[in-house]
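Construct the entire structure; sequences and hints are all you get.
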Amino acid sequence: MKRAALVQQIKEKQSFLCVGLDTDPQKLPPHLQGQKNGVVTFNKAIIEATLPYCVSYKINTAFYESQGLAGWEAMAETLAAIPSTHLTIADAKRGDIGNTSAQYAKTFFEVLPFDAITVAPYMGEDSVRPFLEYTNKWTIVLALTSNAGSFDFQQLSVNPTHEDLNLVPQLTLGHGPKRLFEKVLEKTAAWGSPDQLMFVVGATQANALENIRSIVPDHFLLVPGVGFQGGSLAEVAEHGLNKEAGLLVNASRAIIFAGGGEDFAEAAQQAAATYQAEMASLLQTFG
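For the sequence shown, my numbering assigns the number 7 to the initial residue and increments by one for each residue that follows.
It should be emphasised that the hints constitute simulated quantities derived from the structure, not laboratory data.
With a Cα cut of at most 20 Å, we get these calculated EDC-like pairs of lysine to aspartate or glutamate:
#: 1; residue 1: 189; residue 2: 131
#: 2; residue 1: 143; residue 2: 131
#: 3; residue 1: 99; residue 2: 116
#: 4; residue 1: 99; residue 2: 131
Derived DEER-like restraints, expressed as beta-carbon distance ranges:
#: 5; residue 1: 82; residue 2: 183; range: 42 to 52 Å
#: 6; residue 1: 217; residue 2: 73; range: 38 to 48 Å
#: 7; residue 1: 280; residue 2: 102; range: 33 to 43 Å
#: 8; residue 1: 74; residue 2: 165; range: 43 to 53 Å
#: 9; residue 1: 259; residue 2: 103; range: 33 to 43 Å
#: 10; residue 1: 200; residue 2: 269; range: 34 to 44 Å
#: 11; residue 1: 141; residue 2: 283; range: 29 to 39 Å
#: 12; residue 1: 183; residue 2: 71; range: 34 to 44 Å
#: 13; residue 1: 287; residue 2: 86; range: 30 to 40 Å
Every residue gets a Cβ at the ideal spot worked out from N, C-alpha and C, and that includes glycine.
Okay, structure coming up:
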């Protein structure tokens with residue numbers, strides 16, 4: 007999906023909601039527990055119920071890969087059930103040496119034709135480059151995540167170098183240390199364009215969004231952590247929206263497991279509609 011199509015969907019629906027299909031077989035409603043195609047039946051009902059309120063679906067591949075061959079088949083069936091009007095994201099967090107990354111890219115852009123994939127940039131440009139070689143696909147780079155462990159590495163202070171000054175001329179060596187995630191943003195943004203690169207920024211890191219927007223003003227940000235993780239949608243919108251919205255806010259459990267009975271799809275629909283209504287208001291306020 008091209009950027010223009012995504013932006014148009016956001017404008018038409020007044021929504022930047024991404025529904026996360028983190029479908030744990032153990033949490034399916036009782037009437038679907040143990041059914042051979044329970045996960046697919048559940049996912050298709052969720053997709054049908056939430057389509058009018060979201061612009062994207064994110065499939066966390068771990069919930070499918072852990073089920074072996076049946077899980078991969080369920081992931082493929084779920085992906086096929088999502089219409090082309092909605093951006094599809096493989097939340098796979100892949101990252102390896104170049105020839106291995108090329109195989110990951112083939113898996114999630116060709117064999118399973120997702121629009122986007124999340125990747126880990128720790129191994130550098132040559133590990134990310136194979137994903138960027140695909141036309142009309144998105145590479146979503148982990149930048150600043152919501153988990154407590156983000157302080158272990160992502161938020162460590164590092165000193166600017168002369169190489170940084172060439173990349174970001176407005177910096178000076180006298181400005182003191184930057185955090186590692188800021189260097190990741192600066193460096194990675196130079197590997198591609200805002201038409202093919204997004205960044206993951208956790209909703210619980212909303213206080214950092216203003217600074218992040220100063221580094222990547224035009225890129226889309228995929229923001230998990232709203233809902234059960236406690237991130238504030240209003241704060242994310244205030245500091246993260248740009249002239250083309252530039253946000254995809256993901257909600258997973260808060261939508262797909264909003265209800266636990268046979269009316270689970272209706273509960274998911276109501277939860278998604280609530281998010282959409284708040285987003286429409288926020289787009290009017292901050293967009």
